[in-house]
Amino acid sequence: MRTNTATAEPRSGGRWWRLLAATLALALVAAACGDDDDSSAAGGGGDCDGVDEVSLQLQWFAQAQFAGYYAAVDEGFYEAYCLDVTILEGGVDIVPQQQLASGAADYAISWVPRALVSRAEGVDVVNVAQIFQRSGTLQVSFADAGISSPADFAGRKIGSWGFGNEFELLAGGRTAGLEPEADYEVVQQNFDMQALIAGEIDAAQAMIYNEYAQVLETINPETGELFQPEDLTVIDWNDVGTAMLQDAIWADGTKLGDEAYDDQTTRFIAASIEGWAWCRDNADGCVDVVLANGPTLGQSHQEWQLNEINALIWPSPGGAGVMDQGLWDQTIDIATSEGVLAEAPDADAFTTSYAEAAIELVGDLDVVGDGWSRVEVELRENGD
Amino acid sequence: MRRLSRLLAIAAVGLALAAVWEGYKLIGQSIGPEGGPSWLPVATDDLTMPHTWDILAAFVEPVQRGRSETLAVFLLRSAWFTLREAALGFAIGAIVGLGLALIMLRSRFLDRGLVPWINISQTVPLIALAPIVVTWGRTTFLSDTQAVSLIAAYLTFFPVAVNGLAGLKSPDPASVELMRSYAASWWQTVIKLRLPAARAYLFPAFKLAATLSVVGAIVGEISAGVRGGLGRVILDFAGRYTTGPEKLYAAVVAAGLLGLFVFWLANLAERRAMRGRAVELS
Chain L
63 MRTNTATAEP RSGGRWWRLL AATLALALVA AACGDDDDSS AAGGGGDCDG VDEVSLQLQW
123 FAQAQFAGYY AAVDEGFYEA YCLDVTILEG GVDIVPQQQL ASGAADYAIS WVPRALVSRA
183 EGVDVVNVAQ IFQRSGTLQV SFADAGISSP ADFAGRKIGS WGFGNEFELL AGGRTAGLEP
243 EADYEVVQQN FDMQALIAGE IDAAQAMIYN EYAQVLETIN PETGELFQPE DLTVIDWNDV
303 GTAMLQDAIW ADGTKLGDEA YDDQTTRFIA ASIEGWAWCR DNADGCVDVV LANGPTLGQS
363 HQEWQLNEIN ALIWPSPGGA GVMDQGLWDQ TIDIATSEGV LAEAPDADAF TTSYAEAAIE
423 LVGDLDVVGD GWSRVEVELR ENGD
Chain H
-12 MRRLSRLLAI AAVGLALAAV WEGYKLIGQS IGPEGGPSWL PVATDDLTMP HTWDILAAFV
48 EPVQRGRSET LAVFLLRSAW FTLREAALGF AIGAIVGLGL ALIMLRSRFL DRGLVPWINI
108 SQTVPLIALA PIVVTWGRTT FLSDTQAVSL IAAYLTFFPV AVNGLAGLKS PDPASVELMR
168 SYAASWWQTV IKLRLPAARA YLFPAFKLAA TLSVVGAIVG EISAGVRGGL GRVILDFAGR
228 YTTGPEKLYA AVVAAGLLGL FVFWLANLAE RRAMRGRAVE LS
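Protein chains in written order, with this note's numbering: chain L, 63 to 446; chain H, -12 to 269.
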């Protein structure tokens, strides 16, 4: 026999309970209705049998460093190659080559030494297009500090971001016979230029397309004007000969050799090269694409960045995306002598065949860019 | 009147904090070089400690040159994005937390067995967990924002489970005996006696969980690089600190206000749910 609920119950608990349920439901609805904008481009071009959905994992957020890929999306270059590309931005804990290997992304942008460290640990990633033909890393100091070559490091405080960013610098110091800690002090530096400007370090690590520009966007308290390039001295590791290769497109080595993935890889590289060539020839339009994808980015800073990124890509003597064997060897030499890698990677770590096939595919597009030269960019305060 | 005096008190403390900030800056700069004497824990130059009015001014400046949207509006949109992630995370966390509390109430064995695991779960650093969750999400059907919500849920279930169990156990044995004498089933006892009694424990947990859900969403965004929310904005401005420290401070203020907002919401819900409670106790 079923007994009815207690009549002596103090007070119906129903109302607050319903309130709680309603709150939770509201929260779920609010969250669900928010999950809207997964806008995949509608259909492909007319000539496509089908559209391949492809994701590209970046190392960091939208900025001109990745302009060519964003341009290839926004200008329809990927679509023309029957690709529907989703760009996955980087985060603090996102390691692009790991995302690639785990299947969370189809391609990844990564610096060569970092990806090779992962490869040495058994992550099968392959460099299929070496987009940046030069290193963008500088060591920047104020002109009055007199640090114009690695030999001048002696006895100074030299900033570095660490985490694998220090090897060009350490190898550079060794070209002058200087050992870190014994002959100069390596100071952990934040990813900004505050320590240099505040005088806490004598020279700071800087990407030519980012942190170097940030100094030039800062008011010099002595003049009341922005810092000028002549206020600074720059050591460029490309000139010292200890540059290591940076942004490259990496593919999943376990899938390469599969006909469909190979074909998709070639098309992806081809459209990416078209994107970069477009950014070379339409810098203003390309900056607009970047700004539209990064609503907090400073306009003049991105103009500067694109200009310098173009300088890292163009000219590409062997054609865009094709590895320069000499620079690869230099990168490996430094990586092994600095202990980044225990031994040189195997021959499968990079291949030029996809980039070469992609160059075939893009036809008469200028993929060398000999005629390109830097434009004049005027930086504004705060990079606005 | 009471509300007015409360707002006045909050404003007064806010002004006092701003005065301390500016005072510290002023003293530092008057007795040392630009950054203040080196023995000060925080340098007092404008880069390290922008003026409070510069931070306020940053809110009304355009977020990007040539765009009409101000930083305040942009932050508001970003906060709405983060709030939605946090809301989903809170909902999942609350449901899972309550569920665990009920399971532990039901089974003495699971009560003993689960508690250490639940405790361990909170000692795992969030930044270690976030990339795993995001990678899971991407290799399955979850979007990155849903993965972020899961990270938020991971933080929020804990206080709900722990406080919920304590609340469910809180009725005195006499009341439980009374229910038993009515031949009430386990569920009837839970719904009529234990859950109402658990209110006093659950709502403080909800308040904590609500703010934690915002923290979890922001950390998850930073970790996974999800675009659109406050976490991303904070990371973005942090990377460009040298050329606009006041923007980073503005974004941090926005994150604080969002936390305050959800706390206020939870508080409001608590007041509604607890109405009449005093009568009941008498």
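Just so you know, the hints here were simulated from the structure itself, not pulled from any lab data.
Keep in mind that the hints are not guaranteed to be accurate.
As the list claims (entries may be wrong) - Heads up, incomplete: computed chain H residues facing chain L, CB under 10 angstroms, no partners named: (1) L4; (2) L58; (3) A59; (4) V111; (5) K156; (6) D159; (7) R214; (8) G218; (9) A225.
Glycine included, each C-beta is placed from N, C-alpha and C at the ideal position.
Hints, verified against the model:
The restraint placing L4(H) at the interface with chain L is violated, with a minimum CB-CB distance near 24 angstroms, outside the 10 angstroms limit. Among the interface hints, the one on L58(H) holds; its C-beta lies about 8 angstroms from the nearest C-beta in chain L, closer than the 10 angstroms criterion. Restraint check, A59(H) versus chain L: the minimum CB separation of about 13 angstroms is more than 10 angstroms; hint violated. Proximity of V111(H) to chain L is violated relative to the hint, the smallest CB-CB distance being about 14 angstroms (cut-off 10 angstroms).
Given the 10 angstroms rule on beta carbons, the hint for K156(H) is violated: about 16 angstroms separates it from the nearest Cβ of chain L. Among the interface hints, the one on D159(H) is violated; its C-beta lies about 13 angstroms from the nearest C-beta in chain L, farther than the 10 angstroms criterion. For R214(H), the interface hint holds, since its Cβ comes within 10 angstroms of a Cβ in chain L; the closest pair sits about 6 angstroms apart. Here the hint on G218(H) is kept, as its CB sits about 9 angstroms from the closest CB of chain L, short of 10 angstroms.
With a least beta-carbon distance of about 8 angstroms to chain L, the hint placing A225(H) at the interface is held under the 10 angstroms criterion.
Checked against the numbered hints above, the structure violates hints 1, 3, 4, 5, 6; every other hint is satisfied.
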